[in-house]
Amino acid sequence: DVKVTQSSRYLVKRTGEKVFLECVQDMDHENMFWYRQDPGLGLRLIYFSYDVKMKEKGDIPEGYSVSREKKERFSLILESASTNQTSMYLCASSLLGLQETQYFGPGTRLLVL
Amino acid sequence: AQKITQTQPGMFVQEKEAVTLDCTYDTSDQSYGLFWYKQPSSGEMIFLIYQGSYDEQNATEGRYSLNFQKARKSANLVISASQLGDSAMYFCAMREGGGAQKLVFGQGTRLTINP
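Listed in order, the protein sequences are those of chains X and Z. So for the first sequence, my numbering puts the first residue at 1; every next one is plus one. So for the second sequence, my numbering puts the first residue at 1; every next one is plus one.
Calculated from the structure, these hints are not laboratory results. For every residue, glycine included, the Cβ atom is placed at its ideal position computed from N, Cα and C. One thing to keep in mind: the hints can contain errors.
Here are the computed lysine-lysine pairs in the DSSO-like style, where the Cα-Cα straight-line distance is at most 30 Å [claimed, not checked]:
| no. | chain 1 | residue 1 | chain 2 | residue 2 |
| --- | --- | --- | --- | --- |
| 1 | Z | Lys3 | X | Lys53 |
| 2 | X | Lys57 | Z | Lys73 |
| 3 | X | Lys3 | Z | Lys70 |
Which chain X residues stay away from chain Z? Per the calculated CB distances, all over 12 Å, these [claimed, not checked]:
| no. | residue |
| --- | --- |
| 4 | Asp28 |
| 5 | Gln99 |
| 6 | Thr101 |
Same shape as in the complex, but just chain X:
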């Protein structure tokens, strides 16, 4: 079974802190994604990566950056956390292909005070 793990289930940070969210997948997937989920808005794509060291902006990249140094690991970085970045963050991975589903991690609920 595909396993996608995220470094924390819950995280509390202060405004202005640098925040790292880590995601690791164990199925050699090319694609990795970071979403944020907010009530009434569904999942919105922040960044995605289709290969090591490659990254593409999603729909809401402002205030975020990413890093993919190894194929299995995709990190989301909040350079200076703000209260409007309080949200649920979901990582996902998939193989290449139109019909390939994305496999999701358990999510990180981030609270920025």
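Keeping the supplied structure of chain X fixed, place chain Z upon it in accordance with the hints.
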């Protein structure tokens, strides 16, 4: 522009009844894929069913089926014989053909099954 629309924020259904969750989409691509995911209160996203734009038959997976009406650009999820464990958020998503591998999600529908 919104590409996936789920117009039902919440639905309440009696146990053992069938339920239809609506999803409409917008794309100019001829090749695309449609997905449904379930998100229980625990938070994990669970893949339910997939429909390709060129698939002639409606997709089915156990109690889940996808009512695909291409001309109307709708991809409704049908759950037969609902169970209490079906209570969750449900998301419709689309991937367009071409280079990008990303999914675009709808706003979700919260389904509650009453005993």
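**OP:** Starting from Lys57(X), check that the Cα of Lys73(Z) is at most 30 Å away, please.
**Re:** Holds. Lys57(X) to Lys73(Z) sits at ~27 Å (cutoff 30 Å).
Original post:
When you look at the beta carbon of Thr101(X), is every beta carbon of chain Z farther off than 12 Å?
Top reply: Non-interface label on Thr101(X) violated, nearest chain Z Cβ at 4 Å vs cutoff 12 Å.
Original post:
Is it true that the CA of Lys3(Z) sits at most 30 Å from the CA of Lys53(X)?
Top reply: holds (29 Å)
**OP:** Please settle this one: Gln99(X) was flagged as non-interface, so is its CB more than 12 Å from every CB on chain Z?
**Re:** Non-interface label on Gln99(X) violated, nearest chain Z Cβ at 5 Å vs cutoff 12 Å.
Subject >> Closest CB of chain Z to the CB of Asp28(X) still more than 12 Å away >> reply: Holds: least Cβ distance 15 Å, greater than 12 Å.
Original post:
Hey, Lys3(X) versus Lys70(Z), does the alpha-carbon distance stay inside 30 Å?
Top reply: violated (34 Å)
In this structure, the earlier hints numbered 3, 5 and 6 are contradicted, and the remaining ones agree with it.
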